[in-house]
Amino acid sequence: MSKRPLKVIGTSVTLPEQLRRRALRDLAYPIEFDVLDGISCQQRGITSPGSFDVYDQWFHSIDLLWTAGSVQPIETKRIKRWNEVSLHSGPVARPSATTPLATGGSGMRPSDLLFVQEDNTLGPTPTPTIAMLPTTYNVDSFAYAPDIAAPLGFATPESWAWLLDERWHGRCTLSKDPAASTVELALAARSAGLVDIADPCNLSIEEIDALFDLLMARRRTGHFSRFWSSSEDSIRLMSGPTSVLGSLWSPAFYALRGMGHNLAYAAPSEGYRGWQSGLGLSAALTPEKMEMAYAYLNWWLEGAAGAIMARQGYYISVVEPVKKSLSAAEWDYWYGGLPASENLPGLATPVAVRTGERREGGSYTERVSRVAVWSTIMPEHNYLVRRWQEFLKIRG
Amino acid sequence: MTGSRHSARSSRTGPHQRGAAASLSSQSGAQSFLYSSVKDLLASKIETQELPSGSVLKEASIAIQLGVSRAPVRRALAMLHADGFIRAAEGQGYVVGEAHPVALSSRRLQEILVAQSDDIGRSATWERIFAEVSTTVMAAMPFGTYRIQEEELGNHHRVSRTVAREVLWRLMDRRLIEKNRKSHWIIGQMTARDIRETLEMRQVLEPRALAQVAAGLDRVWLATLTARIDKAIDDFPAGGGASLDEIETDMFGTMYAGLRNARMLSSIRRNQISLIVPRLFRQHFTIRDDLPALQEYAQIVHHLRGGAAGVAQVLLANHLARVERLTLARLRVLSALPPPGSAPYLIAIH
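Here the protein sequences line up with chains A and B, keeping their order. First residue of the first sequence: 75, per the numbering used here; consecutive thereafter. First residue of the second sequence: 6, per the numbering used here; consecutive thereafter.
Hints were generated in silico from the structure; no laboratory data involved. Hints are not guaranteed to be accurate.
Pairs of lysine-lysine, DSBU-like flavour, derived with a Cα cap of 30 angstroms [stated by the list, open to error]:
#, chain 1, residue 1, chain 2, residue 2
1, B, K187, A, K467
2, A, K250, A, K81
3, B, K184, A, K467
4, A, K77, A, K151
5, A, K81, A, K151
6, A, K467, A, K154
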C-alpha cells in the first residue's frame with residue numbers, strides 16, 4: 075500500500091468527526107479528509123479529479139462527474155457486501171429479490187445512474203461496474219417552529235406550500251443547492267397554486283421562468299432570510315431569530331433539537347424529497363492507492379459508519395451490520411419509527427432524542443415509500459443553474 | 006463534368022454560406038474563412054474569363070499575390086476542383102477549364118487577381134471580425150442571456166458601426182443572435198430544448214444534403230479527411246480536442262459547401278448549435294466519449310469514398326440520433342463552469 079494518505083473529499087454530514095476518527099482507527103493507513111460545503115465539493119468533483127482519491131457526495135451529482143470524466147468505474151466484485159446493497163427502490167444486485175420499497179417519485183432515481191452500461195452511459199441494467207457506491211440516504215423536507223406556526227394558523231399535515239406562504243415573511247431559509255431547492259420550490263409553488271408545473275423534477279423553460287419570476291419577486295420583498303451552504307450554516311441560521319422555517323437536513327435538525335430548540339420536522343402531504351449519497355473513485359486515482367480506496371469503500375458498509383449515520387437520522391444501503399452496531403432502542407427509533415424508549419445520543423449533542431419522542435413519518439419503510447421527488451439534475455439544469463445564481467445574488 | 010452543375014450556383018453564393026467553417030472553428034476562425042473569399046474571387050475571375058481556360062493556378066504564387074498563407078488557397082483550389090472549375094495539372098497545381106495549360110507570369114497573375122481585389126480586402130475585414138465575434142457569441146451561449154452593443158462591438162474591433170451591424174445581421178441569419186422587441190441584439194441562452202429541436206432538424210436535413218453533395222465531393226479532400234480521422238482514432242485520446250474540432254468543421258461544414266439548394270444549406274447552418282456544446286466541453290473536460298463519433302465519421306467518409314452515399318446517409322442519421330443524449334449530458338456539465346470573461350460589447354441580462 076502507498077504511504078501517501080488516501081484523499082477523501084465530502085461534506086460535514088457524511089464526514090462528521092466521529093466518522094473520520096473511526097475510519098482512521100479501523101483502517102491501517104493514513105487518510106486525509108477534506109470537508110467542504112456541498113456545492114464546493116461537487117464543483118471540485120467535476121473540475122479537479124486530481125485533487126482527491128475518493129469523492130463522497132450526492133448521488134445525483136454523478137450525472138455531472140461521470141460525463142466530465144472525473145470518476146472511474148467501481149468493480150462490484152471488489153465490494154464485499156455488494157449483494158446486500160439496496161437503494162430506496164430495493165436490492166440492486168438482485169433486482170427481483172424483494173418488492174421495491176419505493177418506486178415512486180419523479181426525477182433522477184439513484185438506480186437509474188448506478189451501472190456503467192456498455193456504451194459508457196449510466197443506467198439501471200446490472201453490469202460488473204458502477205459509477206458510485208451507494209451509501210447513506212434519507213428523505214428530506216423542512217423544519218419549523220411549531221409554537222410560531224400554530225398562532226399563524228398552520229396545522230398538520232404540513233405542505234411544501236408553507237415555504238412560499240407569506241405568513242412566514244422574512245423567516246424562510248433554504249439550501250443553496252439548486253438540485254434540491256428547486257424541486258422543493260417547484261413542489262411548493264405547485265401546491266400553493268402559484269405556478270402551473272407538470273413535473274417538479276423536469277421543468278420546462280417556461281416553467282423555470284414562471285417559477286423564478288415568482289421567486290425573484292418573493293426575494294425582493296424579503297420573504298427569504300438567507301440561504302445556507304452547509305449543515306453547520308443551517309444550524310446557525312435556524313438557531314437565530316431570523317429563520318423559523320426552512321428546508322433542513324436531518325443532522326442539522328437533530329443537532330438543533332439536541333441544543334434544546336423546539337423544532338418540528340415536516341412530513342409534507344405531497345411527500346418527501348428523496349436523496350442518496352455515495353462514494354466515487356477519482357479518474358486520477360493511481361493504482362498504488364486503489365487498494366486503499368476499495369478498503370475505504372468496503373469499510374463504509376461494515377456497520378460502524380452506518381451506525382454513526384443513523385444517529386443523525388440517515389439510513390444506509392447495507393442495513394444488517396448497522397442493526398448490530400446500534401442499541402435496540404436506537405434501532406427502534408431511527409429505523410423502526412417507534413417512540414424512543416430512552417434518551418438517545420446524537421452526533422452533535424449527548425441527547426438528540428428524548429424518551430417518548432417519535433420520528434416524523436414513521437418507520438424507514440413508511441418514510442421512503444413517500445418519496446415525491448428526488449434531488450435531480452434535470453434536463454434544463456444548465457439553464458436552471460444560471461437562473462438560480464441570479465436569484466441568489468438578489469438582496470432580500 | 007460537375008462544373009456545369011455547380012457553376013450557376015457558385016456565381017450567386019452570397020456570403021451567408023461562407024461562414025460555417027469559420028463559425029465552427031475557434032482556433033483558426035479568420036484563417037478558415039479566408040479560403041471561401043479566395044475561392045469566390047478565383048471563381049468570379051474564371052467565370053468572367055479574366056482567368057482564361059488553360060490558365061495554370063499554383064498555390065504558392067496565388068498565396069503570394071493575395072498576401073495570404075497557402076492553407077486557405079490550397080483549400081479554395083480543392084473546392085474549385087470539386088466544383089469542376091479547374092482540373093488537376095500534371096505535375097503541380099491546377100488548370101482552368103479544358104484548354105491546354107498555359108503558365109501565367111506572376112505579373113499577369115497580379116494584374117488579374119490583385120488589381121481588383123479590393124473586394125477581398127474589404128470583405129476580409131468583416132469576415133475576420135465575424136469569425137471572432139461568432140466564437141465569442143457561441144462561447145457565451147450556455148452561460149446566460151446577453152445583449153450585444155453595436156457601437157461597442159465596432160469600437161472594440163476598430164471598425165465602423167456599419168461593419169459591426171453587418172456582422173450582427175449575419176449572426177442573426179445564422180440564428181446565433183436575435184433582435185428583441187426593443188431592437189436590441191440578444192444572445193439567447195442555449196437550452197436543452199434548443200439542442201433537442203435543432204438535432205431533430207439536423208436529422209432531417211443533413212442526410213439529405215449529404216446525398217446531394219456526395220457525387221461532387223473532391224476525392225483528394227475526402228482522402229485527406231479519412232487520413233485525419235484515422236490519425237485521431239489511432240492517437241485517441243492523446244490527439245486532443247482541437248483535431249476533433251477541425252474534423253467536425255469539415256464533416257458538418259465543408260462537407261455541405263457544394264450544396265446547390267441554398268435554402269437547405271442555410272437551414273443546416275442555422276441548426277448546428279449542437280456542435281457548440283462539445284466544442285466548449287472539450288476545452289475543459291475529457292474527450293473520452295468522442296471515440297464513437299470519430300469511428301462513425303470514419304465509416305461515413307469510407308462509404309462516401311466507396312460511392313455508397315445511401316449507407317453514408319443512414320450512418321449520419323444514426324450518428325445524429327445517438328449524440329443527442331451525450332450532447333445534453335455535456336450541456337448539464339457546462340453548468341459547473343463560470344461564465345467566460347466577457348467581451349466589452351456584451352452585457353449580461355440574466
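We went through each hint and held it up to the structure:
| no. | hint | result |
| --- | --- | --- |
| 1 | B:K187 - A:K467 | holds, 26 angstroms |
| 2 | A:K250 - A:K81 | holds, 25 angstroms |
| 3 | B:K184 - A:K467 | holds, 27 angstroms |
| 4 | A:K77 - A:K151 | holds, 25 angstroms |
| 5 | A:K81 - A:K151 | holds, 23 angstroms |
| 6 | A:K467 - A:K154 | violated, 46 angstroms |
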